[in-house]
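**Student:** The lines below spell out each chain.
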Amino acid sequence: ETGVTQSPTHLIKTRGQQVTLRCSSQSGHNTVSWYQQALGQGPQFIFQYYREEENGRGNFPPRFSGLQFPNYSSELNVNALELDDSALYLCASSALGQGTDTQYFGPGTRLTVL
Amino acid sequence: AQSVSQHNHHVILSEAASLELGCNYSYGGTVNLFWYVQYPGQHLQLLLKYFSGDPLVKGIKGFEAEFIKSKFSFNLRKPSVQWSDTAEYFCAVKWGNEKLTFGTGTRLTIIP
Chain A
1 ETGVTQSPTH LIKTRGQQVT LRCSSQSGHN TVSWYQQALG QGPQFIFQYY REEENGRGNF
61 PPRFSGLQFP NYSSELNVNA LELDDSALYL CASSALGQGT DTQYFGPGTR LTVL
Chain B
1 AQSVSQHNHH VILSEAASLE LGCNYSYGGT VNLFWYVQYP GQHLQLLLKY FSGDPLVKGI
61 KGFEAEFIKS KFSFNLRKPS VQWSDTAEYF CAVKWGNEKL TFGTGTRLTI IP
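If you read the sequences in order, they're chains A and B. Quick note: the first sequence uses my numbering, first residue 1, plus one each step. Quick note: the second sequence uses my numbering, first residue 1, plus one each step.
No lab work stands behind these hints, which were simulated from the structure alone. Be a bit skeptical, because a hint or two may be false.
Unchecked claim - Computed list of chain A residues with no C-beta within reach of chain B, every gap over 12 Å:
#  : residue
1  : Leu11
2  : Ile12
3  : Arg15
4  : Gln17
5  : Val19
6  : Phe64
7  : Phe69
8  : Pro70
9  : Asn77
10 : Asn79
11 : Ala80
12 : Leu81
13 : Glu82
14 : Thr112
15 : Val113
16 : Leu114
Stated by the list, open to error - Covered by chain A, according to a simulated footprint, are these stretches of chain B (three or more residues, beta-carbon under 8 Å):
#  : region
17 : 39-47
18 : 93-104
Said to hold, decoys possible - Distance ranges between label pairs, derived from CB positions:
#  : chain 1 : residue 1 : chain 2 : residue 2 : range
19 : A       : Arg110    : B       : His7      : 26 to 32 Å
20 : A       : Pro8      : B       : His9      : 27 to 33 Å
21 : A       : Lys13     : B       : Pro55     : 44 to 50 Å
22 : B       : Ile12     : A       : Pro70     : 45 to 51 Å
23 : B       : Gly62     : A       : Leu39     : 27 to 33 Å
Backbone N, C-alpha and C define an ideal beta-carbon position, used for all residues, glycine too.
Whenever a hint applies, use it, and build me the whole structure from the sequences.
**Tutor:** And the structure:
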């Protein structure tokens, strides 16, 4: 157990809908990163939040957006869902600027888009 | 472009066999290197990491990895595998302040 929690565990949506995924970071961590893991693939970096601001973004369209709150928890929002958005969404927390940048992962949210 | 290659997609071994999983990355510079494991139905867990110093790194559950800078490699090894090592293994690399980049993973199946 890493102390990183995500909700919900599973989610089913239809194409065109919007979804919000949530993540609580490990105690003492100030940074949250989001990843998309398609079936049979490694996690792909979506973006990172540090001190409530976006701190780097991967190759994902603007309909993927996020927030980080003062308690360092975070949300991932996806608008206008597409079938290809079906994946496991992982959240990882880390302590940026504190000597190491090891990321600890939550259990993920399995999103299915029909 | 930054990339991480894991050439072994699926490895099948018998218990007590030795294991080596390959990981290569696209170019050098300052790198932080990681191996993560994903057991069936569980979340990604950190096995070991290399930031600097001794290129032979020891992790949890008897795993180790060797950083060979000249070969851009960070192969994972275990001298004697157990059935409980059945899992998906991911190599990940972080260049400087850039994002963490994962390989596509290697599925390891251990036959009792």
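**Student:** Against this structure, judge whether each hint is valid.
**Tutor:** Each hint tested on the structure:
1. Leu11: holds, 17 Å
2. Ile12: holds, 19 Å
3. Arg15: holds, 27 Å
4. Gln17: Nearest chain B Cβ is 26 Å from Gln17/A, so the label holds.
5. Val19: It holds; Val19/A is separated from chain B by about 20 Å at its closest Cβ, greater than 12 Å.
6. Phe64: About 14 Å separates Phe64/A from the closest Cβ of chain B, which puts it past 12 Å; holds.
7. Phe69: At about 22 Å from chain B, Phe69/A clears the 12 Å cut-off, so the statement holds.
8. Pro70: holds, 24 Å
9. Asn77: Given that every Cβ of chain B is farther than 12 Å from that of Asn77/A, nearest at about 19 Å, it holds.
10. Asn79: holds, 22 Å
11. Ala80: Non-interface label stands for Ala80/A: nearest chain B Cβ at 24 Å, farther than 12 Å.
12. Leu81: Its Cβ never comes within 12 Å of chain B, the nearest being 24 Å, so this holds.
13. Glu82: holds, 22 Å
14. Thr112: The assertion about Thr112/A holds, with a minimum of 17 Å to chain B.
15. Val113: holds, 22 Å
16. Leu114: For Leu114/A, whose nearest Cβ neighbour in chain B is about 23 Å away, the distance exceeds 12 Å, so it holds.
17. 39-47: n = 5 at 8 Å, threshold three: holds.
18. 93-104: Three-residue rule met by the region 93-104 of chain B, so holds; n is 8.
19. Arg110/A - His7/B: 26 to 32 Å: Given a distance of about 28 Å, which is inside 26 to 32 Å, the answer is holds.
20. Pro8/A - His9/B: 27 to 33 Å: holds, 31 Å
21. Lys13/A - Pro55/B: 44 to 50 Å: holds, 46 Å
22. Ile12/B - Pro70/A: 45 to 51 Å: holds, 49 Å
23. Gly62/B - Leu39/A: 27 to 33 Å: Cβ of Gly62/B to Cβ of Leu39/A: about 29 Å, so the range 27 to 33 Å holds.
Of the numbered hints listed earlier, not one is contradicted by the structure.
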